[in-house]
Amino acid sequence: SPLDMDRMLAGEQTPLFFGSAMTNFGVQLFLDNFLKMGTKPSSRTAVSKGQGKSSDDDGESSDAIQPEHEEFTGFVFKTQANLDPKHRDRLAYVRVVSGV
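Numbering (this note's numbering) for the sequence shown: 34 to 133.
Some clues are possibly wrong.
Only pairs whose alpha carbons sit at most 20 Å apart, straight line, appear in this in silico SDA-like list of lysine to any residue [said to hold, decoys possible]:
id, residue 1, residue 2
1, Lys-69, Gln-46
2, Lys-111, Ala-125
3, Lys-73, Val-127
4, Lys-111, Lys-69
5, Lys-73, Glu-104
6, Lys-69, Leu-124
7, Lys-69, Ser-94
8, Lys-119, His-102
9, Lys-119, Ser-95
10, Lys-111, Ser-131
11, Lys-69, Arg-123
12, Lys-69, Glu-45
13, Lys-111, Glu-101
14, Lys-69, Glu-104
15, Lys-73, Asn-57
16, Lys-73, Gly-44
17, Lys-69, Arg-40
18, Lys-69, Met-41
19, Lys-73, Leu-42
20, Lys-73, Phe-51
21, Lys-69, Ala-79
22, Lys-73, Glu-103
FYI, nobody ran anything at the bench for these hints, they're computed from the structure.
All values derive from a computational prediction rather than experimental measurement.
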């Protein structure tokens with residue numbers, strides 16, 4: 034069925050792109066559409082030990098990181114390892130939070 038943007042944004046449908054980075058086939062098309070289809074970034078709360086503006090009793094602190102923050106920041110939300118027993122592979126899925 035054709036891509037329905039409302040269903041895509043609701044997580045009910047996923048766009049599918051074909052291409053090859055090695056031959057540069059479809060890469061620009063994917064990047065252009067990724068930027069068009071993606072949602073705008075929003076701030077995320079970062080929690081760290083012993084740093085930040087507001088500390089609690091455990092020594093943890095939290096700060097909101099805005100998308101306009103100049104340094105690259107990301108949130109690793111999933112990791113996988115050893116998907117193929119013949120290889121020592123590791124993947125980290127990262128949601129980009131900020132970076133200019």
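Any hints from earlier that this structure breaks? Give me their numbers in increasing order, please.
-> Hints 4, 6, 7, 8, 9, 11, 13, 14, 15, 20 and 21 are the ones this structure does not satisfy, whereas the remaining hints hold.
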